[in-house]
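Protein chains: 2
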Amino acid sequence: MKALALIAHGSRRQKSNEEVFVLAEKLKGICAQQYHIVEGGFLEIATPSISDAIETCIQQGATDITVLPYFLNSGTHVIKDIPNEVTQAQQLFPNVSIKVAPHIGASDLMMPLLITAANSVNGQE
Amino acid sequence: MKALALIAHGSRRQKSNEEVFVLAEKLKGICAQQYHIVEGGFLEIATPSISDAIETCIQQGATDITVLPYFLNSGTHVIKDIPNEVTQAQQLFPNVSIKVAPHIGASDLMMPLLITAANSVNGQE
Numbered sequence: 001m002k003a004l005a006l007i008a009h010g011s012r013r014q015k016s017n018e019e020v021f022v023l024a025e026k027l028k029g030i031c032a033q034q035y036h037i038v039e040g041g042f043l044e045i046a047t048p049s050i051s052d053a054i055e056t057c058i059q060q061g062a063t064d065i066t067v068l069p070y071f072l073n074s075g076t077h078v079i080k081d082i083p084n085e086v087t088q089a090q091q092l093f094p095n096v097s098i099k100v101a102p103h104i105g106a107s108d109l110m111m112p113l114l115i116t117a118a119n120s121v122n123g124q125e
Numbered sequence: 001m002k003a004l005a006l007i008a009h010g011s012r013r014q015k016s017n018e019e020v021f022v023l024a025e026k027l028k029g030i031c032a033q034q035y036h037i038v039e040g041g042f043l044e045i046a047t048p049s050i051s052d053a054i055e056t057c058i059q060q061g062a063t064d065i066t067v068l069p070y071f072l073n074s075g076t077h078v079i080k081d082i083p084n085e086v087t088q089a090q091q092l093f094p095n096v097s098i099k100v101a102p103h104i105g106a107s108d109l110m111m112p113l114l115i116t117a118a119n120s121v122n123g124q125e
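Chains as they are written, first to last, in the working numbering: chain U, 1 to 125; chain G, 1 to 125.
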């Protein structure tokens with residue numbers, strides 16, 4: 001059973017964290033056939049943590065988890081911290097496949113997204 | 001003459017800031033007919049600042065500037081800090097139109113981007 005864990009940085013501002021849960025819920029609705037489970041989580045500051053989000057997926061029956069870093073830049077969090085957390089979770093749950101997707105800033109779709117967002121304020125969307 | 005200012009948070013890690021310049025350069029290549037000028041800038045920590053980026057656009061002849069916040073969450077930076085900076089710049093340059101686009105986390109294209117990024121690690125892209 002496939003699961004998707006959307007992992008954001010985590011903010012002291014609860015409303016920012018809630019936006020991540022809203023995104024996860026939307027993903028759940030859209031990807032239900034592909035990812036049976038979708039959970040949101042945070043690298044730091046907010047909860048659930050990455051390991052909690054992964055564990056919640058597993059408790060729901062996930063056997064194949066994709067961790068998707070909701071980060072724009074390839075900083076230490078993306079290069080080191082998230083992979084480290086995933087490696088630890090993988091050791092705890094050796095029978096579950098846990099992969100880390102590229103952070104969203106690396107997506108080929110970022111360019112059209114930027115252009116559409118810029119144009120939307122100029123009434124050209 | 002239209003300009004686009006891509007504004008990121010700014011990082012202590014210079015490589016993260018350089019990614020913003022790379023994105024701005026890519027945008028310049030793709031949007032050359034629509035935005036004659038594309039500049040990258042930062043809210044804090046890194047340079048150029050928002051006001052510097054706006055001024056650079058104006059020095060190159062921009063009369064219509066779109067500020068695009070490269071931010072995922074609608075936190076204080078997006079709601080308050082960037083609009084404040086733009087208001088100040090607008091007062092300095094009353095003959096130039098300066099608009100703020102929605103932050104990229106609010107884009108309708110974020111959902112397909114997330115799905116594509118997640119699928120890319122599963123070989124389903």
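Among these hints, one or two may not hold up.
When the alpha-carbon atoms are kept at most 25 Å apart in a straight line, the in silico SDA-like pairs for lysine to any residue are as follows [unchecked claim]:
#1 U:15 to G:10
#2 G:80 to U:121
#3 G:28 to U:74
#4 G:26 to U:15
Simulated from the structure, these hints should not be mistaken for lab results.
Note that the structure is predicted; figures quoted are calculated from it, not measured.
(message) With the threshold set at 25 Å, check whether the alpha-carbon distance from residue 26 of chain G to residue 15 of chain U stays at or below it.
(response) Violated, because 32 Å separates the two Cα atoms, which is more than 25 Å.
(message) For residue 80 of chain G and residue 121 of chain U, compute the direct alpha-carbon distance and say whether it is at most 25 Å.
(response) holds (18 Å)
(message) Checking one constraint from the list: CA of residue 28 of chain G to CA of residue 74 of chain U, max 25 Å. Satisfied?
(response) At roughly 22 Å apart (the allowed maximum being 25 Å), residue 74 of chain U and residue 28 of chain G satisfy the hint.
(message) Can you confirm whether the C-alpha distance between residue 15 of chain U and residue 10 of chain G stays at or below 25 Å?
(response) Cα-Cα ~22 Å, so holds.
Checked against the numbered hints above, the structure violates only hint 4.
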